[in-house]
Structures are given as C-alpha cells and as structure tokens.
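Enquirer: Letter by letter, the chains look like this.
Protein chains: 4
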Amino acid sequence: MATPSGVEASNTRDRILDAAVEVIAERGYSAAGVQEIIDRAGTSKGSFYFHFPSKETMTMALLEQMSNRLIKRVQEAVQGEPTPLHRVAAGIEFLLATFSRHRKVAQVLLVNLMGHGRTIDRRFLPIREKLSELIKGELDAAVAQGQIECQDTSLVAAVWVGALHEVIMRWLLTGQPSPLSGVAPELRSTLLRSVGVDPAMFQPLQRRA
Amino acid sequence: MATPSGVEASNTRDRILDAAVEVIAERGYSAAGVQEIIDRAGTSKGSFYFHFPSKETMTMALLEQMSNRLIKRVQEAVQGEPTPLHRVAAGIEFLLATFSRHRKVAQVLLVNLMGHGRTIDRRFLPIREKLSELIKGELDAAVAQGQIECQDTSLVAAVWVGALHEVIMRWLLTGQPSPLSGVAPELRSTLLRSVGVDPAMFQPLQRRA
Amino acid sequence: MATPSGVEASNTRDRILDAAVEVIAERGYSAAGVQEIIDRAGTSKGSFYFHFPSKETMTMALLEQMSNRLIKRVQEAVQGEPTPLHRVAAGIEFLLATFSRHRKVAQVLLVNLMGHGRTIDRRFLPIREKLSELIKGELDAAVAQGQIECQDTSLVAAVWVGALHEVIMRWLLTGQPSPLSGVAPELRSTLLRSVGVDPAMFQPLQRRA
Amino acid sequence: MATPSGVEASNTRDRILDAAVEVIAERGYSAAGVQEIIDRAGTSKGSFYFHFPSKETMTMALLEQMSNRLIKRVQEAVQGEPTPLHRVAAGIEFLLATFSRHRKVAQVLLVNLMGHGRTIDRRFLPIREKLSELIKGELDAAVAQGQIECQDTSLVAAVWVGALHEVIMRWLLTGQPSPLSGVAPELRSTLLRSVGVDPAMFQPLQRRA
DNA sequence: AATGAATGAGCTTTCATTCAT
DNA sequence: AATGAATGAAAGCTCATTCAT
Numbered sequence: 001m002a003t004p005s006g007v008e009a010s011n012t013r014d015r016i017l018d019a020a021v022e023v024i025a026e027r028g029y030s031a032a033g034v035q036e037i038i039d040r041a042g043t044s045k046g047s048f049y050f051h052f053p054s055k056e057t058m059t060m061a062l063l064e065q066m067s068n069r070l071i072k073r074v075q076e077a078v079q080g081e082p083t084p085l086h087r088v089a090a091g092i093e094f095l096l097a098t099f100s101r102h103r104k105v106a107q108v109l110l111v112n113l114m115g116h117g118r119t120i121d122r123r124f125l126p127i128r129e130k131l132s133e134l135i136k137g138e139l140d141a142a143v144a145q146g147q148i149e150c151q152d153t154s155l156v157a158a159v160w161v162g163a164l165h166e167v168i169m170r171w172l173l174t175g176q177p178s179p180l181s182g183v184a185p186e187l188r189s190t191l192l193r194s195v196g197v198d199p200a201m202f203q204p205l206q207r208r209a
Numbered sequence: 210m211a212t213p214s215g216v217e218a219s220n221t222r223d224r225i226l227d228a229a230v231e232v233i234a235e236r237g238y239s240a241a242g243v244q245e246i247i248d249r250a251g252t253s254k255g256s257f258y259f260h261f262p263s264k265e266t267m268t269m270a271l272l273e274q275m276s277n278r279l280i281k282r283v284q285e286a287v288q289g290e291p292t293p294l295h296r297v298a299a300g301i302e303f304l305l306a307t308f309s310r311h312r313k314v315a316q317v318l319l320v321n322l323m324g325h326g327r328t329i330d331r332r333f334l335p336i337r338e339k340l341s342e343l344i345k346g347e348l349d350a351a352v353a354q355g356q357i358e359c360q361d362t363s364l365v366a367a368v369w370v371g372a373l374h375e376v377i378m379r380w381l382l383t384g385q386p387s388p389l390s391g392v393a394p395e396l397r398s399t400l401l402r403s404v405g406v407d408p409a410m411f412q413p414l415q416r417r418a
Numbered sequence: 419m420a421t422p423s424g425v426e427a428s429n430t431r432d433r434i435l436d437a438a439v440e441v442i443a444e445r446g447y448s449a450a451g452v453q454e455i456i457d458r459a460g461t462s463k464g465s466f467y468f469h470f471p472s473k474e475t476m477t478m479a480l481l482e483q484m485s486n487r488l489i490k491r492v493q494e495a496v497q498g499e500p501t502p503l504h505r506v507a508a509g510i511e512f513l514l515a516t517f518s519r520h521r522k523v524a525q526v527l528l529v530n531l532m533g534h535g536r537t538i539d540r541r542f543l544p545i546r547e548k549l550s551e552l553i554k555g556e557l558d559a560a561v562a563q564g565q566i567e568c569q570d571t572s573l574v575a576a577v578w579v580g581a582l583h584e585v586i587m588r589w590l591l592t593g594q595p596s597p598l599s600g601v602a603p604e605l606r607s608t609l610l611r612s613v614g615v616d617p618a619m620f621q622p623l624q625r626r627a
Numbered sequence: 628m629a630t631p632s633g634v635e636a637s638n639t640r641d642r643i644l645d646a647a648v649e650v651i652a653e654r655g656y657s658a659a660g661v662q663e664i665i666d667r668a669g670t671s672k673g674s675f676y677f678h679f680p681s682k683e684t685m686t687m688a689l690l691e692q693m694s695n696r697l698i699k700r701v702q703e704a705v706q707g708e709p710t711p712l713h714r715v716a717a718g719i720e721f722l723l724a725t726f727s728r729h730r731k732v733a734q735v736l737l738v739n740l741m742g743h744g745r746t747i748d749r750r751f752l753p754i755r756e757k758l759s760e761l762i763k764g765e766l767d768a769a770v771a772q773g774q775i776e777c778q779d780t781s782l783v784a785a786v787w788v789g790a791l792h793e794v795i796m797r798w799l800l801t802g803q804p805s806p807l808s809g810v811a812p813e814l815r816s817t818l819l820r821s822v823g824v825d826p827a828m829f830q831p832l833q834r835r836a
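Chains as they are written, first to last, in the numbering used here: chain A, 1 to 209; chain B, 210 to 418; chain C, 419 to 627; chain D, 628 to 836.
Any given hint might turn out to be false.
[Said to hold, decoys possible] These stretches of chain D come out as covered by chain C in the derived footprint (C-beta under 8 Å, 3 or more residues):
hint, segment
1, 679-693
2, 715-723
[Unchecked claim] Each pair of labels, with its calculated beta carbon distance range:
hint, chain 1, residue 1, chain 2, residue 2, range
3, C, E444, B, E338, 44 to 50 Å
4, D, P806, B, E245, 57 to 63 Å
5, B, Q244, A, S10, 43 to 49 Å
6, C, S465, A, K55, 39 to 45 Å
7, C, K463, D, E663, 40 to 46 Å
8, A, T174, C, E551, 55 to 61 Å
9, A, K55, C, N429, 28 to 34 Å
10, B, G391, C, E474, 37 to 43 Å
11, D, K757, C, G593, 42 to 48 Å
12, D, N695, C, G464, 46 to 52 Å
13, A, K55, D, E691, 35 to 41 Å
14, A, R103, B, G405, 44 to 50 Å
15, B, F259, D, K682, 16 to 22 Å
16, B, G242, D, N695, 48 to 54 Å
Hints are computed from structural coordinates only; laboratory data are not their basis.
Each residue gets a CB set at the ideal place from its N, CA and C atoms; glycine is no exception.
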C-alpha cells in the first residue's frame, strides 16, 4: 500500500496525486517533474493542467488530502480509549504503525515538502499544527481531569510532535528501528514522564497491531 | 548578524557562502540560483565555479562549516557546567539563544536543506546527529553518575533534538515565542521530567545571555 | 538545394536537421550552437529537446540519415551498369555529382564531423566504411570475374575512398575544380590504372547527369 | 616519443606546445581546454597568454611547427634516392614509419584540426598542400625524365595524399594494420600502378627502418 | 616571465505551462 | 476530458581571456 488512498485510484485526478507522492518521495519536490508524474499516472500534460491549475496547487491539494485523511484516521483509531492520556498514547502508536506501512507518505509529509519557499512552508504546517492541536486538546483534558498537573500544554504538544517527527525521520533516513513501531513503548514512557506521569502506573488497553 | 561567520567576510569564498545562506534561507535550496548568490556576494559566475566545483558541493561545504562551528560553540559554552545534566540544559539554552540571533542560519540548517535527494539528505544529518551524540553522551554520563535512572538514552536524545527542532521551527515560521529563548525554562523542565528528574530539584548555575 | 532532403521540410524534426546541416557546415560542430540551429529552423529550444535528447544525439541522427540516404542513392544509381568495374566507376561519378549539388552535406559528412571525441568519431566512420565496403564488394566481384588481377581489395578500396575524399575536400576548401565533376574522367583513369586496368580499354556506358 | 619535438622540452613555450598536442589528440580541438594544457605543461594561465596571444594562435603555431618539421624530415629522408619515383616511394614509407611512432601527432595533424571554422581550415591545409606539392614535384620530374607518361600530376598527387590520409586514419581509429608500416609495400604497388608503372619493374633501394 | 583569481558571454539542458486539436 | 508538440525563461556550468601582483 504505497498510495495515499491505499487503493489503486481509478479516476485521473487521484492517479495523478498517487503518482505525485511516489515521485516526490523519490526525488524531492523540486526535482519531481510534471512529466514523470503524468508518465506514472498514465495520463498527459493537458490532463494534468485540466485537473490542477499548477504544480504547486496540485502539491497543496496533495498535502491537504493526506493531512486530513491522516488526522481523521487517528481520531477514529483513538475513539475507544478511556482517558485523554490513553488517547494520545494510542494516537502516537497508531501514527507510527501507519507511517510504517506508508513509508512514502511519511517521507513526503515530513521530509520532502519543507523548505521550498514560503508558499509551501505555510501550507505545510497543517499536519503538524493539527497533530499539535489534537495532542494539546487531550493534554488539556488530562489537566482538567486531574490526570496530569497544570503545565504549558502548548509547549508539551510541540515537544511530543517534534519527538515523533524526529523518530520517524531517523527511520526514514537510516531504516532504524526496524520495525518503526518497536520504539512505541519506550517513546510512550519518555513522553509520559515528560508530563509527570509514571509510565509504570499507566496501563494501556489491549489493542490490535 | 545574518552571516554564518557573524562578520562581513572579506575573501570571495566566504562572501559566496554568506550570500548563499541568505538566498537559501529566503528561497529554499532549489530556488536559490547561483546568479542571485553571486549577485549578492558581489562576484561572478566564473568566480563561484573557481571556488566550488558545483552548487551542491558549495552547499555541502556551507552545511559542514555551519555544523562544525555550531557544535564547537556549544561545546565551549557548556564547559564550565558542573554536571552532565547541567551541561545539556546549558547547551539547549545556548542553542536557542544562538539560533535566535542567527535566524537565517537556523532556517537553512533546520528547514531548507532537507528533502533534496539523498546526497544532501545524508550530509544534512550531521548537525542533528552530532547534537544527538552530544546529548546522548551527557545523558550516559548522567546515568553513570546516578543523576538519572538507566534508560534508552539514544531515544531520549532523539526526543530532545526533535523537541528543540520543533520549537525552533515554529518560531521560524510563526515568530512565536518572541524571544525564542523565552521557552527555555519550560522546555528545560519538560525535558528534565522526561528523564525522571524533578525540575524543581534542579538548580542551574547563573550564566550570561 | 542545401537541405539533406533536397526539399523544404515541413515537420519540425526535419527542419531542425536541415538547419543543423547548414549551421554545422558553416561553423563546425562545436561552434554550431543549438540557439542558431533553432533560430534557422524557426522553432524553440524546448522543441529541439522534445525531438532529440541532446545535441550529440541529434548530430548522430543527422549523420545516420545522411549516410543511409547517400548509400542508398549510390546503389540505385549504379544498378543498371553491366560490370563491377562499371558500377564503381559510375558510383564515383555519381558521388561527385551529388556532393557537387549538396555542398554542405559534403562538408558536414567529410569535414565537420571529425575529431570531436571518440563518440562521434566512431559513428562518423560509417559513411566511409560503407563506401569502402561497397567498393570492395565490386572489386572482389571484378577479381572473381577476371576483370582485374587478384590483389588486396581492402587496401585498394581504402585508397579509392581516400582519393575521393581528398578531391572533394580540396573542392570544398578551394572551389577547385569547378565543377567538381570535371575531375571524374581523369580520376576514373587513375583509379582504374591503380588496379591494373588500361583506362583506354574501359568503355563506360552513356549516362545522364 | 610522443612529443612533437621527440624530446622533453625545457622551455615553457615548447612545454605548452607539447602538452597541447597531447590534449588535442585526446579530446579534440574544441574540448581541449587551456586549463588542461597548462596543467600538463606545468605552467599557468598567465604564462600561456604571455607566450601566445590566443588559443587559436597557439594552435596555428603548433600546426606550422609540426608541418614544417615533418616536411623537412621527409625531404632529408628522401635525398639519397636515385630517381623521382624512388623518392616518392621512400617518402611515403618514411611518413608511415614516422606517424607510426608519433601517433598523437598524426591524430592532431590529420584528424583533430579539421572542421573548426574557416580560420583553422585554411591554416590546416599546409601539411596536405606541402605534401601534395612535394609529390607533384617528383611526379613532374618523373614525367620529364620519361619514367612515367604525361598525366594530370596535380590530381595524382591529390589521390596519393588522400590514399595516405585514409590509410593512416583507419589505423588511428581501428589500430589496423599493426604495424602501420606493414601496408607500405602493397600501398606502393597500388600507387605506382596508378601512374602506369609496373610495380614488379620497380626496384627500391635498400634502406634502414 | 609567471601566477591564479576573476570575468562574463555563452553553452547545453530543463521544465512548468500553453493551446490547437 | 484528454493529447502532446511547442514555448521560452531560467537553470547550472564552461572557458578563453584579463590583470593586479
């Protein structure tokens, strides 16, 4: 499953987006040529520009689609958890598992769409911003419920997102750890400690892979 | 002080590197044209290629110079501290202060030189790798001295580097917090907690800016 | 008639090839810029590189096209002749007449595409190689039929090709003789003598042009 | 002995010329950069332009030096021969032997300095022109002495030069025949026949290699 | 005589985008 | 909706030549 959607797309627009993920993951944004994208998508220049006004627009559409889909899935995956802290922990585990299965999506989302001039920088934040907000929301809830002490949840959320990002990036560039999800327990412990929770006291629910 | 060296360079090679930091910070690596770099450096195409065999080589030289210089300064800044944990804490504070003063260096180092094909990816890691190693070294020493409990210091180092990276990136893209070094106390607390140290028990030395 | 095809080409690819012959003939291979070629062809840079992957590839395509076309025409022109020796003689006359009418093709084929690094050198040989083989074939047939004595036909073919080349090159550079085909009778006599045939005994058929 | 002079030159000017032969033989005229020439000559840009006003001028000096030297040596080598025809035959043999020992000189003289815009074309002829004149002179003498019949000696000279050129070029590009001078007897026979002389009736003097 | 950093016009090649079909 | 030839600005890079030392 290397496509953002996870299935072979049947309409041209989605085939273009799927091809774009592949090419951008392999070459980086700037070196990803429209020609190669349409070659892999099995369509034509004209078709590309019929569906998207520009390469940049298409990239932003790609970004938005991937971000939204990912966030939605995280939220779904986390619904059954009993407490805010359980939800964040589960969310982090889910993210590691998901990126592990969609290496190229991870690469594009976390590595290849950065630093290409302001326009994309700004639009790139959403995934981290939304993740941050998700985490901050749960942390705030945890504070409200007395699960953790009062603290700068905004900063903590940033720390957690940065930690996740770093761990995944290392995996992308070095292949370690293999599998990626192997770090989940230790990472969860470290992050829980960072908000003053004793990992030993925190019993996660049993969940599927 | 926008130049990597912090002073107006007088030889051509350094003027090119200084100009490159500026242009790459403003436009990103791919969009940073040799033409604009030499325009700002006040030199010529031929001169550029007399000093560097290619744009890529020049970028790697830039990266190496900046990384080495930064790491060296961190090490110097941290020498006087009494314990390993004091040293990491001081190092983080120093990094925030330094990047705060060299915004463009931070941007280039942490944002703009990623995702441009393997060659630069691989060479890009050093700054994070070295930072990671520095931190891991101190954490290991802290474990050895009984300052903190035994744990996966490699993962913790990654978490700390990721946290730093995230905090700085947010500042680069949003300007918050202002000044950047304002987060230092809270960040230190969060990171110390993550290794099981009570921030309240940890008394930093008094230090200059 | 300065175009390889002899007629104004209507498709872009052929217009590029025709323009290339002109420019290469005037300036030599290295000094023949893609810019000037496309200017004369009335097309654009992008168009050039849409039709050919590189300037070198295009030059080789040009070479191949011209060689094949020329060889084919020589073979056709020579079909009606009664004996091997008549065929070679007619072929030489035909070549002189053809180059006489296509000065620039001659220049490119025989002068301008030599000595530019192995790649083109190797591909350049075909026209001489093929001509050599054509001549050697007829000489071998002449030996088999007892028209001439047994001898190193391979060397003789080389001598004849060299003689032709030299005569044409002088004409290209000095304009002498005018017309080029004026040397045909004397050249034929000299070459026939070189294989031991008395030119006076050799009665060519009557032919056009 | 790969240098035009046959010995390691001791003054800068000659070291440049020697290096130029090497580089031009290896890369062709256009691709032979001044930088590589001075690198091999062990001197500097400034030095090059102190000794020669331009690359082109230097090339012409090279050409002239090589041509004059070669022609002079041919004339010396041929002095002892009894008849005009003996002299041409000896000259051809000497040329083959000489080029055989100075492969790069042959390459530069016969292959690499052709087809690079009018200026060099014109200056390039001398070697062939002078060779032609040498041969024509002897042929005229042979006619005057009744050694051969009256004929267009100018054309015959061209044919002979072309034959030589072709044979040497094939050797340069294919390495055949090895050694080059192996073709001398057959070539002499063919050329003698081309002026109506029975090779069997022609007894060359004994000479050193 | 010699050095080598500097120059800048020019090179081949790329690529997002357009448009007639 | 789709095609693909065409466009042209701009890219990275080369190289003969100059000049202060």
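Enquirer: For each hint, tell me whether it holds in the structure or not.
Expert: Evaluated hints:
no.: 1; hint: 679-693; result: violated (count 0)
no.: 2; hint: 715-723; result: violated (count 0)
no.: 3; hint: C/E444 with B/E338: 44 to 50 Å; result: 57 Å, violated
no.: 4; hint: D/P806 with B/E245: 57 to 63 Å; result: 59 Å, holds
no.: 5; hint: B/Q244 with A/S10: 43 to 49 Å; result: 45 Å, holds
no.: 6; hint: C/S465 with A/K55: 39 to 45 Å; result: 21 Å, violated
no.: 7; hint: C/K463 with D/E663: 40 to 46 Å; result: 29 Å, violated
no.: 8; hint: A/T174 with C/E551: 55 to 61 Å; result: 59 Å, holds
no.: 9; hint: A/K55 with C/N429: 28 to 34 Å; result: 30 Å, holds
no.: 10; hint: B/G391 with C/E474: 37 to 43 Å; result: 60 Å, violated
no.: 11; hint: D/K757 with C/G593: 42 to 48 Å; result: 20 Å, violated
no.: 12; hint: D/N695 with C/G464: 46 to 52 Å; result: 50 Å, holds
no.: 13; hint: A/K55 with D/E691: 35 to 41 Å; result: 57 Å, violated
no.: 14; hint: A/R103 with B/G405: 44 to 50 Å; result: 33 Å, violated
no.: 15; hint: B/F259 with D/K682: 16 to 22 Å; result: 19 Å, holds
no.: 16; hint: B/G242 with D/N695: 48 to 54 Å; result: 50 Å, holds
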